[in-house]
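Colleague: From these two lone chains plus the hints, build me the complex, please.
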Amino acid sequence: MAKEDCLLCSVIDNKVAARKVYEDKDVLAILHPTPASVGHILVMPKEHLAIFEQLTEFTTGRLFQVTNKLSSVVFEALQMEGTNIIISNGTAAEQKWPHFTINLIPRRSQDGLNFAWSPRQFNEDDMGTAELKLKAEAKKITEEVLEDQAEPPVIDTKVEHLSGTEEDNYQIRQLRRMP
Amino acid sequence: MELQNLTPEEQKAMQEKLKNMSPEELRNLQKQQCLFCQIISGKVNARRVYDDDKVVAVLDINPASLGHVLLIPREHYQILPQMPDDEIAHLFNIAKGISGAVLRAFQVQGTTIFVANGVAAGQKATHVMVHIIPRHEGDKAALDIPEYQINEENMKVIHKRLLDLMTADLGMMPENEASQAGPESETQPAEAAETPAAPESVQPPKTPEPEQQPTAQPIAKSAPQSQTQKPRNRKGLDDLTGGF
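Order-wise, the sequence lines are chains A and B.
If you read the first sequence in this note's numbering, its first letter stands for residue 1412, the second for the next number, and so on.
If you read the second sequence in this note's numbering, its first letter stands for residue 9, the second for the next number, and so on.
One chain only, chain B, in its complex shape (with noise of 0.2 Å):
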């Protein structure tokens, strides 16, 4: 983010150094960098309204209604998919809580709560947050969900790729080796008359790399944690860990 304002040779001698750091360093500057982080260790002010060990939450300043909070895990972690499972089991324990929490505090009939991975997906800041934002009967926040038509063909597709992949990821349970038909016709709803979300454009299957050994067994509550994946090309991602 700042490196926008420096000169083009600041720009280069800053790059020159990034190149040199070793992982630890980078990790340490982008802590440095980061808001949240700041937030976190009280250099910047925010409305703290709960924190622990793990978490802390905070009123956000751009809210979509009062009483939008944002919960944050202390760490720096940029994506859901970086956090060990014992965290994200608190993080969101937390997130129930919290939800629970402005139900009562504001009166409201209903929350949502959303998370952003990539900046595909809306994701502003590089640290990993939850928003929990209340909601007013037909305050028609761009949070609903829309829903499209898909046709069967694409599904099957779809449906296919995702069950190859995780046989070797994550191990089935016998159940679903049989795809079945979608209750397409069962639960049509009358105003989903937009096109379908592109699913002529996915393309052709490239081989799936396993990330780990393949198991049979259904994820376990404290699976190992995937410390030996390889890294991946995330087009998306790559804007947030990588620059400033």
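For reference, chain A alone in the conformation it holds in the complex (with noise of 0.2 Å):
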């Protein structure tokens, strides 16, 4: 995807307007236009990625230790109870932008916000099936970690806007992992 595309990478560049909490040459943090809660931050890289698996050890690093201290700063600033921070990665996660953000979202007791799932049960078939797939690939993330030459899954990161208002501008296109 052409960066000129990207809502995210214009507002990085400056070109669009957004409210800006952290900023350094690796990562920027913003408050989110449409929070789920007071203080809803999202913390990105300046590199346009689109997901999770694309990124380099060191700006993961980097992402998680902004989002972690703002996560105190939100909490002292603001006065909040705790903090989620979540990742939707890829289109059945319901990734808004494709460009990778982390959700820092503030919350109180009682703020209408409920993330809690409802647990499954699976028998111990399944859960076993799924434990052995799990080890095998699981295996080939200490040959990433030191490497650092991830090979990360082709995933469809294609994003239909919501909201369709005029005043979008940009298109969205399926991303496909640049060699």
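Just so you know, the hints here were simulated from the structure itself, not pulled from any lab data.
Among these hints, one or two may not hold up.
Stated by the list, open to error - Far from chain B by the CB rule (all over 12 Å, computed), these chain A residues:
no.	residue
1	1499
2	1518
3	1537
4	1542
5	1548
As the list claims (entries may be wrong) - What follows is a list of derived Cβ distance ranges for each label pair:
no.	chain 1	residue 1	chain 2	residue 2	range
6	B	146	A	1523	19 to 27 Å
7	B	53	A	1425	29 to 37 Å
8	B	22	A	1457	34 to 42 Å
9	A	1425	B	145	33 to 41 Å
10	A	1469	B	154	28 to 36 Å
Cβ coordinates follow ideal geometry from the N, Cα and C atoms, glycine included.
Modeller: In structure tokens:
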């Protein structure tokens, strides 16, 4: 995807206005324009990357260190009682923009938000198979971390814009990992 | 957690004992009681899918979907802000690896990565955990993040409060000093018909206390840890750090 088409890249390049709360050469944090709660912050890499698996080890570390620090700041500054850190990674996870973002969502009791999922039960066979499959795939993690040459899986990050207002000025296209 | 099973006299004796313990002893006691520390040590069974010297990943026994992984640090940290920067970096790099493993293993088109700090955020256990949850198209999980409208005045107040505290604590780059208008006109989703998430209830500002010496540098990769932080009164988190 071309950077010109990415709304968040335009924010990073100061072509589109946003309320910035932190910035350094790798990372930008802004207030979410349509927040889930008071102080909902988006933390993003300045580099245009779509999904979690595409981030380098260094960028991942920086993003989460900043998020962690911001979570304490937001907690103090806005008198909140807790924070959620959520990444919606990929279309099936309702990823909103084709640019990787971490959601830092401050919480209060009875704020009307509820991320609690309904737990499901699976039988022993299913769980056993899941365990084996994951173990096998997870073996590759050690190599990835050491070499930082992860071959990210290609997943669909096509994002349909939800509101379709006239002011939206970016095209969404199917994203493929660049070799 | 075990406290409810004791008689009132036993409870009182326990409270006395706890009061007289050193922080070290208290921490050890918490670790002994912690289900996840027991999973790490092997005392309690779990389906382990990954481990290294810093973290362990197991299948969640109350999963949102099949393949839901819990990633936890070996060290008994209760909330993420307690963790030092280098461990944060490692934890989330492994989360990244596990997310990739989940995508490949179950051929799904998405994962949700979820952390809860504090009871108000839905934290259930007193041990840091990162959830990595396989997502399926249209599964309508509770994990999807709602969007609300918020008016410009409230945004301004929030922005200012954050910047005031941040300048003291984290240091800001010069570009950030001017507060800019939000892009509400460009990105208003049509479905956001709900009332704003209670910005009216934001309290009048108290003087924010800087946690460490004001610094002008951006966060360094290996910044010194906040061991000098004053203990804070966190309403929602007291439930986790105090009692059993």
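Colleague: Against each hint, give a clear statement of whether it holds in the structure.
Modeller: Okay, the hints, checked on the actual structure:
Not every beta carbon of chain B lies more than 12 Å from that of residue 1499 of chain A, the smallest distance being close to 6 Å; the non-interface claim is violated. A Cβ of chain B approaches the Cβ of residue 1518 of chain A within 12 Å, the least distance being about 4 Å, so the stated non-interface status is violated. Not every Cβ of chain B is farther than 12 Å from the Cβ of residue 1537 of chain A; the closest lies at roughly 6 Å, contradicting the non-interface assignment. Not every CB of chain B lies more than 12 Å from the CB of residue 1542 of chain A, the least distance being 4 Å, so the non-interface label is violated.
Interface exclusion of residue 1548 of chain A from chain B breaks down, the closest Cβ pair being 4 Å apart, not more than 12 Å. At about 24 Å, the CB distance of residue 146 of chain B to residue 1523 of chain A agrees with the hint of 19 to 27 Å. Distance hint check for residue 53 of chain B and residue 1425 of chain A: the Cβ-Cβ separation is about 53 Å, which falls outside the suggested range of 29 to 37 Å. At about 52 Å, the CB distance of residue 22 of chain B to residue 1457 of chain A disagrees with the hint of 34 to 42 Å.
Residue 1425 of chain A and residue 145 of chain B have their C-beta atoms about 35 Å apart, which keeps the hinted 33 to 41 Å range intact. Taken as a hint, the range 28 to 36 Å holds for the pair residue 1469 of chain A and residue 154 of chain B, whose Cβ atoms sit roughly 32 Å apart.
Hints 1, 2, 3, 4, 5, 7, 8 from the earlier list are contradicted by this structure; the remaining hints agree with it.
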